[in-house]
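Just so we're aligned, residue 1116 is where the sequence shown starts under this note's numbering, counting upward by one.
No lab work stands behind these hints: they were computed from the structure. Ideal Cβ placement from N, Cα and C applies to all residues, glycine included. Where hints are given, some of them may not hold.
Label pairs and their calculated CB-CB ranges [stated by the list, open to error]:
1) H1126 <-> P1158: 37 to 45 Å
2) P1236 <-> I1175: 14 to 22 Å
3) D1229 <-> A1147: 17 to 25 Å
4) P1123 <-> R1204: 51 to 59 Å
5) H1190 <-> D1137: 38 to 46 Å
6) T1181 <-> H1126: 45 to 53 Å
7) T1202 <-> P1123: 42 to 50 Å
8) E1232 <-> H1126: 30 to 38 Å
9) M1210 <-> I1135: 41 to 49 Å
10) E1131 <-> M1152: 25 to 33 Å
11) I1121 <-> G1182: 51 to 59 Å
12) I1121 <-> H1169: 48 to 56 Å
13) I1121 <-> D1157: 38 to 46 Å
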Amino acid sequence: MSGELILPHHHHDIEEEQKIVDKMPDETRIAAVAEAMKQLGDPTRLRIFWLLCHTEECVIDIAALTGMSSPAVSHHLRILKSAGLLTSRREGKEMYYRAADTKLVLKLHHTIEDVAEISCPD
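Produce the entire structure from the sequences given, and follow the hints as far as they go.
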């Protein structure tokens, strides 16, 4: 977003207001972050996401680790993958999932650990 901004109320000087406007993220970027955060607002998906930030796993192992059924895990994995948070690969009949290798995923991973005061396994 650029161009000179004229606000109805000037609580800051014009240069400071313009700096804020120039740095404001565009709608596409904000929408992508909002979608990711919305999906991670579910405790089950947040837990699965955290797990897959540290390892690649198949649905059956994720189900065992989380105490859930495979169909329930698959449902959550589809949602996380459609939000761009996970990637998958097929090996024979087995699908393996892991956190996507993106800057957004890395920052979300670190934010989760900072807020929850947990750390990565060694």
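Each hint, compared with the structure:
no. : hint                        : result
1   : H1126 <-> P1158: 37 to 45 Å : 39 Å, holds
2   : P1236 <-> I1175: 14 to 22 Å : 20 Å, holds
3   : D1229 <-> A1147: 17 to 25 Å : 21 Å, holds
4   : P1123 <-> R1204: 51 to 59 Å : 53 Å, holds
5   : H1190 <-> D1137: 38 to 46 Å : 41 Å, holds
6   : T1181 <-> H1126: 45 to 53 Å : 48 Å, holds
7   : T1202 <-> P1123: 42 to 50 Å : 46 Å, holds
8   : E1232 <-> H1126: 30 to 38 Å : 36 Å, holds
9   : M1210 <-> I1135: 41 to 49 Å : 44 Å, holds
10  : E1131 <-> M1152: 25 to 33 Å : 28 Å, holds
11  : I1121 <-> G1182: 51 to 59 Å : 57 Å, holds
12  : I1121 <-> H1169: 48 to 56 Å : 49 Å, holds
13  : I1121 <-> D1157: 38 to 46 Å : 41 Å, holds
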